[in-house]
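> These are the residues of each chain, in order.
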Amino acid sequence: MSESGPRAATDARDDRPAVRPPPRRRRRPWTRWQRKAEEVRLAATTGVKAALGRAFAPVGTARTGAARWIEPRRRFVIPTAAFLTIAIAAILPLLKEWFDLPGWMLRATSGGSLSRVALFTLFALGLNVVVGFAGLLDLGYVAFWAIGAYTAAILTGARDFTRTLRTTEGVIPQPEWEMWMWLILFAALGVAVFAGIVLGSPTLRLRGDYLAIVTLGFGEIIRVTANNVGFTLGPQGISNIPHPAIQVGPVDLEWKTFLDNKYYWLLLSFVVLWIIAISLLDRSRVGRAWVAIREDEVAAAAMGVPVVRMKIAAFVIGACTAGVGGVIYAEQINTVSPGTFTIFQSILILSAVVIGGMGSTAGSIVGAIIVVLLPEIFREFESYRFFVFGLALIVVMIFRPQGLIPSRRRKAELKGAMVEEQLFDAAGGEPL
Amino acid sequence: MDGCFDSLVRQFWDQTVNGLTAGAIYAMIALGYTMVYGVLQLINFAHSEVFMVSTVVSLHALKEWFGVTGAIHGATLIFVFLGVLLAACLSSGVTALTIERFAYRPLRRRGAPRLSFLISAIGASLAIQYLFALMDGRHALLFWTLPNLQGPAPRQVPRFVQTEQLFSLFGTTVNNKHVLVVGVSLVMLFLLDRFVNVTRIGRGIRAVAQDPEAASMMGVNIDRVVVTTFFIGGVMAGAAGLLFLVFLGGSSHWQIGFILGIKAFSAAVLGGIGNIRGAMLGGILLGLAEKYGGSCFGTEWETAISFVVLVLVLLIKPSGLLGERVRT
Numbered sequence: 022m023s024e025s026g027p028r029a030a031t032d033a034r035d036d037r038p039a040v041r042p043p044p045r046r047r048r049r050p051w052t053r054w055q056r057k058a059e060e061v062r063l064a065a066t067t068g069v070k071a072a073l074g075r076a077f078a079p080v081g082t083a084r085t086g087a088a089r090w091i092e093p094r095r096r097f098v099i100p101t102a103a104f105l106t107i108a109i110a111a112i113l114p115l116l117k118e119w120f121d122l123p124g125w126m127l128r129a130t131s132g133g134s135l136s137r138v139a140l141f142t143l144f145a146l147g148l149n150v151v152v153g154f155a156g157l158l159d160l161g162y163v164a165f166w167a168i169g170a171y172t173a174a175i176l177t178g179a180r181d182f183t184r185t186l187r188t189t190e191g192v193i194p195q196p197e198w199e200m201w202m203w204l205i206l207f208a209a210l211g212v213a214v215f216a217g218i219v220l221g222s223p224t225l226r227l228r229g230d231y232l233a234i235v236t237l238g239f240g241e242i243i244r245v246t247a248n249n250v251g252f253t254l255g256p257q258g259i260s261n262i263p264h265p266a267i268q269v270g271p272v273d274l275e276w277k278t279f280l281d282n283k284y285y286w287l288l289l290s291f292v293v294l295w296i297i298a299i300s301l302l303d304r305s306r307v308g309r310a311w312v313a314i315r316e317d318e319v320a321a322a323a324m325g326v327p328v329v330r331m332k333i334a335a336f337v338i339g340a341c342t343a344g345v346g347g348v349i350y351a352e353q354i355n356t357v358s359p360g361t362f363t364i365f366q367s368i369l370i371l372s373a374v375v376i377g378g379m380g381s382t383a384g385s386i387v388g389a390i391i392v393v394l395l396p397e398i399f400r401e402f403e404s405y406r407f408f409v410f411g412l413a414l415i416v417v418m419i420f421r422p423q424g425l426i427p428s429r430r431r432k433a434e435l436k437g438a439m440v441e442e443q444l445f446d447a448a449g450g451e452p453l
Numbered sequence: 193m194d195g196c197f198d199s200l201v202r203q204f205w206d207q208t209v210n211g212l213t214a215g216a217i218y219a220m221i222a223l224g225y226t227m228v229y230g231v232l233q234l235i236n237f238a239h240s241e242v243f244m245v246s247t248v249v250s251l252h253a254l255k256e257w258f259g260v261t262g263a264i265h266g267a268t269l270i271f272v273f274l275g276v277l278l279a280a281c282l283s284s285g286v287t288a289l290t291i292e293r294f295a296y297r298p299l300r301r302r303g304a305p306r307l308s309f310l311i312s313a314i315g316a317s318l319a320i321q322y323l324f325a326l327m328d329g330r331h332a333l334l335f336w337t338l339p340n341l342q343g344p345a346p347r348q349v350p351r352f353v354q355t356e357q358l359f360s361l362f363g364t365t366v367n368n369k370h371v372l373v374v375g376v377s378l379v380m381l382f383l384l385d386r387f388v389n390v391t392r393i394g395r396g397i398r399a400v401a402q403d404p405e406a407a408s409m410m411g412v413n414i415d416r417v418v419v420t421t422f423f424i425g426g427v428m429a430g431a432a433g434l435l436f437l438v439f440l441g442g443s444s445h446w447q448i449g450f451i452l453g454i455k456a457f458s459a460a461v462l463g464g465i466g467n468i469r470g471a472m473l474g475g476i477l478l479g480l481a482e483k484y485g486g487s488c489f490g491t492e493w494e495t496a497i498s499f500v501v502l503v504l505v506l507l508i509k510p511s512g513l514l515g516e517r518v519r520t
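So the protein sequences, as listed, match chains S and Z. In my numbering, each number is its position in the first sequence, counted from 1, plus 21. In my numbering, each number is its position in the second sequence, counted from 1, plus 192.
Only chain Z is shown next, with the shape it has when bound in the complex (with noise of 0.2 angstroms):
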């Protein structure tokens, strides 16, 4: 570990460009950990099995669907990713939805206590991966046979995009792929920054995190809220998700989602759970200090610096970097 300060020195241009990349899909999934915490007060443990979804369903969309196998240039470039981002963003609102839909809202009209959401979101996020692991086009459900989507193996994903180098900074080549993951990210972000803060239902999710009560004597629908928040969080775990694919991982596997979802989970801890700038924030730092630690210490402890980051967090400053939005 001796020539730690060194390699960090010397690639530190490099790394700083790869966390961007990564902390802004990190932030991304964050969002939709944060949106819900701060509507309903739990932490959504089934949000990795969401963006696992995406990953999933936009390695068959870019497949099957638009049958692309090699690399692709210009317009068909941009038609297919907007296909693909669709259908990614699509699928898993959808899958975010069904969860809310049999894992919460009962538990919801029953008043349960805490633990029993965190158990049985536990319970949703077992049986999404073991049902997409089984979905290899040989096994039924009951009468239903399952379409051949991931299976128990990883699946490659073809290079469509060919990375080409756009400009330097600081000695360091950004290419057209950081440029695009930041780029659709920072719109995404944009775009969910002024809905949440001006649109109706924005207000809505805004009046519903700060007191339920209050919000459904005003007259909000605290339901559709609810639903609009899962359904926002799983497009921007689904826009991760097929950014995370093409750009970072280049397979698809039915137990991605995991420790992606640690690693977001974290970033909205480190912004302050609750607040939506707050993940987005943690989400690039997050990026950053994990590629910095990785740089120097070793790429395989880059997992468990998410983690130490976490607990340091919650042991320094609970209430995260830019304070979280929490009821009392």
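Chain S with its partners taken away, still in its complex shape (with noise of 0.2 angstroms):
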């Protein structure tokens, strides 16, 4: 997209015969609204673009130095450490057919508390890009969970015949599932993106914890929506969503209840698609870009970082995250309800994020396995669980507010905010 500017009037090729080049049309300057749209598309785009990119990038530049020592460890540990985590991953539910499991470990690895763990992990995921990569603290992310998830249940028919369900009498036939309906994981895709863009647009210009309140009003105003507009069918939801299925040749797969071990495989393939898609983005222009927007924004700016377009890219990657994984929710769970997608659900993601280590990928999935199976393991003590785990979240953001699996980037940024900070602490005349 560079254009070179108008030749200067010393060329040193002034003595050639003056052919000069066609005059270029020159492009009328855009209005308001094209830049706005040129922007968007461009925000839409950049991300996957720049995955892409990675994933195809010629693999045979020259190593030198330190590379020369990695490298054999990213050809052979990594993939390695990566394929067994994924195996002993998918295999989980099946323990409880091979051996005499302890009663926690059964409700750990039953399919239900399973897919629930994947579903976050795909959630923490995305907030991730979110909080951790850029740098924008949303609280209301539970809006794009809610939002994929009533894409599926509306799409799917189930929302229609709930309807009818719900006012006439007698007996209706169930919608069946057919195999388009898959395209239905592209629609809510789409959908989120939108979502996203239109929330993104207008907040992200706003400072730090600004965005944070208005993401969490966002969040509310989507469930408040949910609840009292017509088109979503009002507090009760909708219900008899379908399972999904597979029906081709000799492939004959059907998701039969929300226990189904099928449930979880799909999510686990899921995570292990977005693992990669992010990582490759982390490492991609736009992640180093997150980068500097997340450690100075001004100076990120003055580099000719897009900044607003890197924020809405953010934003669209990790919407669409929750979108993918409400479709699923939905589909899985047959029901969506307004009272499901409360403030609570997204702190519980946002925490995820945190007590794992913002930032870093590994830190988002033991974050989420946290968070979602101690209650889960610990449901004797039901009523003390949450108490417990807001007091957890004051303790590791006193003691380890780099998380627990943190990022070395992100650590090393937090151990110079503590340097810069202590001359404050000087200045306040107390004994650190």
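Take these hints with a grain of salt, some might be off.
Derived list of chain Z stretches under chain S, where covered just means 3 residues or more per stretch with a C-beta under 8 angstroms from a C-beta of chain S [unchecked claim]:
| no. | segment |
| --- | --- |
| 1 | 298-307 |
| 2 | 319-331 |
| 3 | 449-457 |
| 4 | 481-495 |
| 5 | 499-511 |
Taking lysine to any residue and the SDA-like style, the derived pairs with C-alpha atoms no more than 20 angstroms apart in a straight line are [to be verified]:
| no. | chain 1 | residue 1 | chain 2 | residue 2 |
| --- | --- | --- | --- | --- |
| 6 | Z | Lys-509 | S | Leu-227 |
| 7 | Z | Lys-509 | S | Ser-134 |
| 8 | Z | Lys-509 | S | Gln-366 |
Ranges of calculated distance between the beta carbons of each label pair, as one might list FRET restraints [what the hints assert, rightly or not]:
| no. | chain 1 | residue 1 | chain 2 | residue 2 | range |
| --- | --- | --- | --- | --- | --- |
| 9 | S | Gly-211 | Z | Val-500 | 48 to 54 angstroms |
| 10 | Z | Trp-336 | S | Gly-124 | 39 to 45 angstroms |
| 11 | Z | Gly-262 | S | Pro-123 | 23 to 29 angstroms |
| 12 | S | Thr-189 | Z | Leu-504 | 39 to 45 angstroms |
| 13 | S | Phe-252 | Z | Trp-336 | 22 to 28 angstroms |
| 14 | Z | Ser-360 | S | Pro-256 | 25 to 31 angstroms |
| 15 | Z | Pro-339 | S | Arg-304 | 52 to 58 angstroms |
| 16 | S | Thr-189 | Z | Thr-337 | 36 to 42 angstroms |
| 17 | Z | Trp-336 | S | Arg-128 | 45 to 51 angstroms |
| 18 | S | Arg-304 | Z | Pro-346 | 48 to 54 angstroms |
| 19 | Z | His-331 | S | Gly-325 | 40 to 46 angstroms |
| 20 | Z | Pro-346 | S | Pro-123 | 46 to 52 angstroms |
No lab work stands behind these hints, which were simulated from the structure alone. Note that beta-carbon positions come from the ideal geometry of N, C-alpha and C, so glycine has one too.
Since each chain sits alone in its own frame, please combine them into the complex, following the hints.
This is how it looks when you write it as structure tokens:
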């Protein structure tokens, strides 16, 4: 897109015959709305392009110095470890058939709680892009989950079915899951991206903690709207969302109940896909832009980082992650109602990201596991668990603000912040 | 929605009186947000729980300490009201101090980034909420049985103030509750304004809000200022809690804080965060906007209206109506 400016008057090739290049058509200056549209288009495509570019980048570039040491590790150790982890994660639901498990492990590896872990891992990965990579505190993440779930509920025809079910008597045939229904995933992706742009483009210009409150407000507005509007069938919500199925030739997969292990595997494969995409993204130009914005927005803008566009890109990627998760959630649970999408869920996902370590992918996974499984395992102490959870958030923030598995870059930032702030404390006149 | 304008016109003065009453309560809670923001530059997310504690404690004091079950009149009413007000203010002041001591001060000592403050405030908020949900007299924490204060179910408040029509204004009858809420909050807001603008410690608060480093060089004890700010914010929220319980709500609940907190925060932003008089103005305006909007679109949208106001203010004029007082 770089256009050379007008030729300088003192060109070295002045003596040449004056064959002028044909006068270039000067583009008419864009109107304000065209500029905005371009901004939005770039924001929506930047992330995808960067991920693809990374994936197909030429591999055989020269390696010198430290890279020579790191390369073997990258080539062998990391893929092996990743493969083993995925394999272990995939066989978890089968353990209870092979071994005699103690009660707490039974609860932890039941189809329901495992797929909940996978779902929250997906959400935590998405929110980690927003909070950890780009440094935007989003307290209304549940809104995108709700948008994905409601998109699925409406597009599968479950809404119309539920409406007739509630208004008419007699037996009504259950809607069947058609093959093309998998397109709903993409539709929800599109809707979530759209919602992300709509919510993000006005708000992302705000200061950090204002952004937190506004996103919180948006999360509540979505919930209140779903509660009050006839379009989403109000507080009762939409039920009878069909389970998905794949029936192509010899393949005959059917997801039957919400405890089905296949849901866990479906979600797990999405998690793996997302981890790959996000780590590529993190190392791309976009990822570096996010770091720059997070560390110093003004400096980033001065270096030519398109700040708002990059923020919207992060927001959109977070949104479409939640949208996809929302679709699978709706199909698994079969019911969506506004009561599910409370502020508490947003906080739960956020604390998964924070406990694990902001900006660290492994951290998000560990955080999601902790946030979902610990309450599941300690079910006997049901009424105490969120009290303890709140205290744990404070304790983590005081003693380990970088999280359990910190990202290296983020950790360095936090240390830098401490050195800077000590000046202030010294001025406070109190011994540290 | 076709009757929107009609119903608004018909109920205009009714809704004005209601809006002023609600707005006075929002203003008192908003002060806690705005003062802490002025001094520490952070959103005290746990302030909503301070309000919740005050509603719970005032209900407990009313029922258990003063043994009120029905309507009371005259001097007894005044005595009971002041007693409960004292208990509510003290309890929520102490809650605010506890939050400051355990959730904020360790982080300030370490110079943590602002995100950590927000998350630890969310943690404190969760912990307090669920602690009060546990307080039904049957649960114990370690070796200490929790008192029977709240529990998971909402508790009803005895109707101890009888509604009396006092006078009529533009065809709307104003009752003693409206007058009492607005009166009490006006007195408290006036006292606070004088406190911040006249006294020595109030001068300290203003100094720290402007420039903490310079203030500490001039001999202002920053920690004392912060503690005072939290306590005052807590006391205001405490009074608001009692007023809310008796005149708007009617029952106490452990999750009551969240929605009121968001409304009050919107009010603080509307008036310009960090600006004390702005919070008062913002509270009143938000109360009015909410009631007008509620009569227009239906009361179930009242909550959404405050969010919409918040978003609009932040988009159009982020510094609020009276301008924010934020150090650069």
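> According to a criterion of three or more residues whose C-beta lies within less than 8 angstroms of a C-beta of chain S, is the segment 298-307 of chain Z covered?
holds (count 10)
> If I claimed the Cβ atoms of Thr-189 of chain S and Thr-337 of chain Z lie 36 to 42 angstroms apart, would that claim hold in this structure?
54 angstroms, violated
> Taking 48 to 54 angstroms as the stated bounds, is the beta-carbon spacing between Arg-304 of chain S and Pro-346 of chain Z within them?
Holds, at about 52 angstroms.
> Tell me if chain S covers the segment 449-457 of chain Z under the three-residue, 8 angstroms CB rule, please?
holds (count 3)
> What's the verdict on Lys-509 of chain Z and Leu-227 of chain S, does the C-alpha distance respect the 20 angstroms limit or exceed it?
11 angstroms, holds
> Determine whether the Cβ-Cβ distance between Pro-346 of chain Z and Pro-123 of chain S falls within the hinted range of 46 to 52 angstroms.
The hinted range 46 to 52 angstroms is violated for Pro-346 of chain Z and Pro-123 of chain S, with Cβ atoms some 39 angstroms apart.
> Are 3 or more residues of the segment 481-495 of chain Z near chain S, judged by a Cβ distance of less than 8 angstroms?
holds (count 4)
> Can you tell me if the segment 319-331 of chain Z counts as covered by chain S, using C-beta to C-beta distances under 8 angstroms and a minimum of three residues?
Held - the segment 319-331 of chain Z has 8 residues with a Cβ nearer than 8 angstroms to chain S, which meets the minimum of three.
> Holds or violated: 52 to 58 angstroms for the Cβ distance of Pro-339 of chain Z and Arg-304 of chain S?
Hint holds: Cβ distance 55 angstroms, inside 52 to 58 angstroms.
> How does the Cβ-Cβ distance of Ser-360 of chain Z and Pro-256 of chain S compare with 25 to 31 angstroms: does it lie in that range?
38 angstroms, violated
> Is 39 to 45 angstroms right for how far apart the beta carbons of Thr-189 of chain S and Leu-504 of chain Z are?
42 angstroms, holds
> For the pair His-331 of chain Z and Gly-325 of chain S, does the Cβ-Cβ distance stay inside 40 to 46 angstroms?
For Gly-325 of chain S against His-331 of chain Z, whose Cβ atoms are near 58 angstroms apart, the range 40 to 46 angstroms is violated.
Of the hints listed earlier, those the structure fails to meet are numbers 7, 8, 9, 10, 11, 13, 14, 16, 17, 19 and 20, in rising order.
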